[in-house]
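Visitor: When you get a sec, could you build the whole thing from the sequences and use the hints?
Those protein sequence lines, which keep their order, are chains A and B. Using this note's numbering, the first residue of the first sequence is number 1, and each one after it goes up by one. Using this note's numbering, the first residue of the second sequence is number 1, and each one after it goes up by one.
Nothing false has been slipped in among the hints.
Which copy is meant is left open, because identical chains are indistinguishable; a pair holds if it fits in one copy or across any two.
Keeping only pairs whose Cα atoms sit at most 27 Å apart, straight-line, the calculated DSSO-like set for lysine-lysine is:
#	residue 1	residue 2
1	Lys336	Lys192
2	Lys65	Lys269
3	Lys192	Lys142
4	Lys65	Lys91
5	Lys269	Lys91
6	Lys65	Lys336
7	Lys142	Lys249
8	Lys65	Lys338
It should be emphasised that the hints constitute simulated quantities derived from the structure, not laboratory data.
Number of protein chains: 2
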Amino acid sequence: MTLILNNDDIESVLTMPDCLDVLEDAYRELAHGRGVSRTRSDSFSPTRRPDALYSLKSMDGIVPKLGVGAVRINSDIITWPVLAGTERRVKVPSAPGARYVGLVLLFSIENGEPLAIFPDGVLQRMRVGAANGLGVKYLARKNAHVVGLLGSGWQAGAQVMAVCAVRPIEVVHCYSPNAANREAFAREWGAKLNIKMVAVDTPEAALADADVALCATNSIDNIFFARWLRPGLHVSSIKRPEIEVAALKRADVLVLHNRDASPVHSFTKGATIPEKAKNKGWMLAEGIGFDRLPTLPQLIAGEVEGRTRDEQITCFLNNIGLGYQFAACGALLYRKAKERGLGHDLPTDWFTQTVHP
Amino acid sequence: MTLILNNDDIESVLTMPDCLDVLEDAYRELAHGRGVSRTRSDSFSPTRRPDALYSLKSMDGIVPKLGVGAVRINSDIITWPVLAGTERRVKVPSAPGARYVGLVLLFSIENGEPLAIFPDGVLQRMRVGAANGLGVKYLARKNAHVVGLLGSGWQAGAQVMAVCAVRPIEVVHCYSPNAANREAFAREWGAKLNIKMVAVDTPEAALADADVALCATNSIDNIFFARWLRPGLHVSSIKRPEIEVAALKRADVLVLHNRDASPVHSFTKGATIPEKAKNKGWMLAEGIGFDRLPTLPQLIAGEVEGRTRDEQITCFLNNIGLGYQFAACGALLYRKAKERGLGHDLPTDWFTQTVHP
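Guide: Put into structure tokens, the structure is as follows:
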């Protein structure tokens, strides 16, 4: 049978500590050449809505140790509005019922069969959270206990879950431009994680005492600046442009998630994404040697050094996601969902064939 | 609702003339920059079977005029045996019930929703047939009526369907190494297409009077040689290595399917595909300027010249497939399947989400 899971199923079984564990091992496998990651591709065309583009995104990965491969697909209507003075990349939920479209297909590498199909939303933020959490684990000071959080959206929740799973965090100061949003976020996540979480009204206030600065926005402009750096700080980002280049340059240790420089972009003629988004999103310009930076898999495998002294400034840049993460977390999810009997079973024959493809 | 179709549904609605029409227009759109094609990627890892590799293949495309994007995925166990003296690439049907795993996911570019999910097998050979059929339409002599066919497998059927749809074919001489196979093929397809089809026992006999030579094998060694060329012949191939390089060089007009030089290959350490398969499969070596060859979309759009004189030798090389073909034929399939009420409807909510991905 091929298992169809929904986000409630996924949320009920996928814990952050488990995701951290499975990804930590999967990254080590990848560093040792025992995993496969196919660079994300983004294809764009016009869509009905004139201020938007249609985007078909895909990424693949195989984790042989876990016996699975995965393809993650997103079929999105995307706009690039300016909100609170910064340019953002905003997906518009346009499918029937005002829903988003993101899917993961999980396959067995032993016999090729489709094991499961499920939406990507919950897993996607868990794997982003876990990747940045591993950045904190390997780079932040051991005694880090104060977090400054920039952002109060969907991704921010997973970021605080992850940091709390790898360091003895006592307090999180949270800033985002909308006061109601940041206050609701602080209430919700303070209660969920049983920690002190305080909404503050400037980014400076959020970062004042921070050991770890977590950037968790959908901004394609800078939102963290070099002037905020202090000795001993670990800065973590989920999107390339969040951190000012001057700040990246001042980091003593700067680690990328992985070395894919950008998605493979394909366009119809004229359907280019805003130039700013394109450049700020992916270019590591201005003298930072992208190709020479260490990656999270290398850091975890011990191939490169992390923090060696408390006063160093460290930085983790989650520059681009991998289908490989969906394979690793997907294997964990599949095993747990099967144990608990979750989801709809569909006949595997619906997704296989006698015809030679 | 998201429509789940099977190969019987697909075979019952998809005709070769319709596929030729939809692809001809889609290629013209692509030539004009009004389509998107993301190069195929093949990721390889070890699998349980020691003489095989696991392969996770994907390709994407968008046809704005038809309102759809598609992702085609193959999850295969692949071996490279030597059969009848030539090295082949053979997929082993390993999923439960000894089945193959190939899927197409079709999405709306207007709202992103998943319109349909279906196996790729029937559609895959229809689009290969139609692509080579368009090669015949634009390159073979108008009065071509004798076909020499090399191959008697699954792909060969679509090749004869396509050539008969675009030229007034009277007779097909069919050769493949196994006598029983070629005789069964000639009986089946002669009856299906109501033409004279004769199994012959050498490739030379198949090609003796041919106006069109159709190569339709899974060989990764040469099976068509320069010594068989004659003025006026059109040679058609579904796989890069079928035609000897010396023959490609002698063609007066040589047209590629498209300019993707090879799939994007990714491997675990050590899991390389046989060197021979890798080179013969994709390299256009020995002085043929791959980058300068015209493509089928350009030919259809009138950007490059096809055959101008009866005595010219023309050649069409279906060097690599495109997700774009699955989008175009998938749009046609979806429309026809909906009209006829075919397939299983699943709730679209199963494949969409409220969570921001």
